[in-house]
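First to last, the protein sequences are chains H and R. Per the working numbering: the first sequence = residues 1 to 303. Per the working numbering: the second sequence = residues 1 to 303.
Think of the hints as simulated: they come from the structure by calculation, not from any bench. It cannot be assumed that every hint is accurate.
As the list claims (entries may be wrong) - Calculated cross-link-like contacts (lysine-lysine; reagent style DSBU-like; alpha-carbon spacing at most 30 Å):
1) 110/R <-> 254/R
2) 111/H <-> 248/R
3) 254/R <-> 254/H
4) 254/H <-> 248/R
There are 2 protein chains.
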Amino acid sequence: MGMTFTSNVLKDGLSRIQREIDAAFDAQLPVPDDMSASLVEAMRYAAIGGGKRVRPLLVASVAELHNGSREQAVRAGCAIEAIHVYSLIHDDLPCMDDDDLRHGKPTLHKKYDDAIAVLAGDSLHALAFDLLASPEMSNDPAVRAELVHALASASGHKGMAGGQVMDIAAEEAGGDLDLHTITRLQQLKTGALLGAAVEMGAIIGRVPSEGRSHLRNYARDIGLAFQIADDLLDVEGDEEAAGKALRKDDAAGKQTFVTLMGAEQARAQASALADQAIGHLSAYGSEADILRELARFIVERDR
Amino acid sequence: MGMTFTSNVLKDGLSRIQREIDAAFDAQLPVPDDMSASLVEAMRYAAIGGGKRVRPLLVASVAELHNGSREQAVRAGCAIEAIHVYSLIHDDLPCMDDDDLRHGKPTLHKKYDDAIAVLAGDSLHALAFDLLASPEMSNDPAVRAELVHALASASGHKGMAGGQVMDIAAEEAGGDLDLHTITRLQQLKTGALLGAAVEMGAIIGRVPSEGRSHLRNYARDIGLAFQIADDLLDVEGDEEAAGKALRKDDAAGKQTFVTLMGAEQARAQASALADQAIGHLSAYGSEADILRELARFIVERDR
């Protein structure tokens, strides 16, 4: 595939959704003229600009495949991105990963303080569910409830947050983990939310639950590929391009796909997973090219 | 009314809902046999036992007034209590109020650590919406979506979290705030979630939105009374009975209802608000006695 990931389909798709998500956050977060202004400013600082918006692109692309509404997909994409952004804000806190840089600018607690970072994260968390449950999301309350359920179950203790705790425990355990455990951990930490993105696109596209297995398989494979690529980026990436601190896994003595398999095999594995993900899209024609290119982009990105 | 608040109606109602909420958290949070066990143990430590469960009692009592399902009310009560508990966990963190004691035992970050406290709070936050949006909540997706919307909008930046930031700003502003600003702040910080509890009871009891104004007025009045009572408790309460640190407002030089009105007038105001709240229930007979007694209890409690 080579540089296919810079094709216009994906490049245009990413810049379109980036514009739409920035505009959605801007519209949802007018700064109030009262003492809570700093909270909303902090939410805006973290949420607007900078993100790749991979999860909203997944929502929108899957919805579009099944003729789902673009407006609904952007709103749901904004919700899942709010969850992603809140998790980064909390993850960057001194008591967690203690990071100073995110998307090439100071992390939220560096720009404001730890208390505002905790509360801005919590507020984006609530905003996500407010966006999905509000009547403006869809006339059909079943769609709203199903969207909330997909996102809440993927982000809580059985999903993303559970994976984060396992990640902390893995760091403390040092070199004692096997590939099976690391895979399970990453499926929760990163994979659950990417899976929710695809699921939400399917809900908006009214794909019945029993007709979603190819999409779920696609999500599972790109989720794992995404994390292997992240581990490779931590070892081999350029800090300036990434816009955040790297070489952190090694400094922490942490087991990752790269320490377990070596860089070369990890790269081969990520690439094989992208191929496998693309294989699950065989029922679609060129209208699924953006999802095919996204699978490639995920393993070849530099940030 | 004197000691009416220890009547059997309220006492039995509180101990019944306390048992039901503890049982609901216990059932929702089995400890998994993997590396995320410590997260679920931390969630259980914070969520099970100790709370007064005023918000779940409001949901259940309002639902019952309108023949709503008890099972639905307990599940929704568990969801709003999950939000309340997460907010206490985050509020107790060193970067926020830095409290060591809650319900007479070490706060979560003291028992575990700050990272687990952040993630257990986030996980209880997600659990709340998972409980409400799941098909097990109600056969009617409109009920599920409406419940999520009521809770998400009350807990985010336009509700509880917004009030918390205003509270921090108020502390920094020292003595510069007037009663109007303090009232608005407290209506968000405490009142929004109590209002959501009443709203959720009305949703489960299928009270149409236009028929809820007396319930909303009741909630508004007990919300303000609750906060004035909290301010009085901070000045006059017994730390052992309260199970947490007191005299914190004065130490922080913070404006409260008590500093602005004096203790005597604050007490009279809280009592008048309880009377006023009870006045909004005039359409109901003795079946609303528990809500009447709750209004009294809120201003006369010792913790």
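Outcome of the hint check:
At most 30 Å may separate the alpha-carbon atoms for a hinted pair to count; residue 110/R and residue 254/R meet this at roughly 25 Å. At most 30 Å may separate the alpha-carbon atoms for a hinted pair to count; residue 111/H and residue 248/R meet this at roughly 28 Å. Between residue 254/R and residue 254/H the CA atoms are separated by roughly 45 Å; this puts the pair beyond 30 Å, and the hint is violated. Under the criterion of a C-alpha separation no larger than 30 Å, the hint pairing residue 254/H with residue 248/R is inconsistent with the structure, at around 42 Å.
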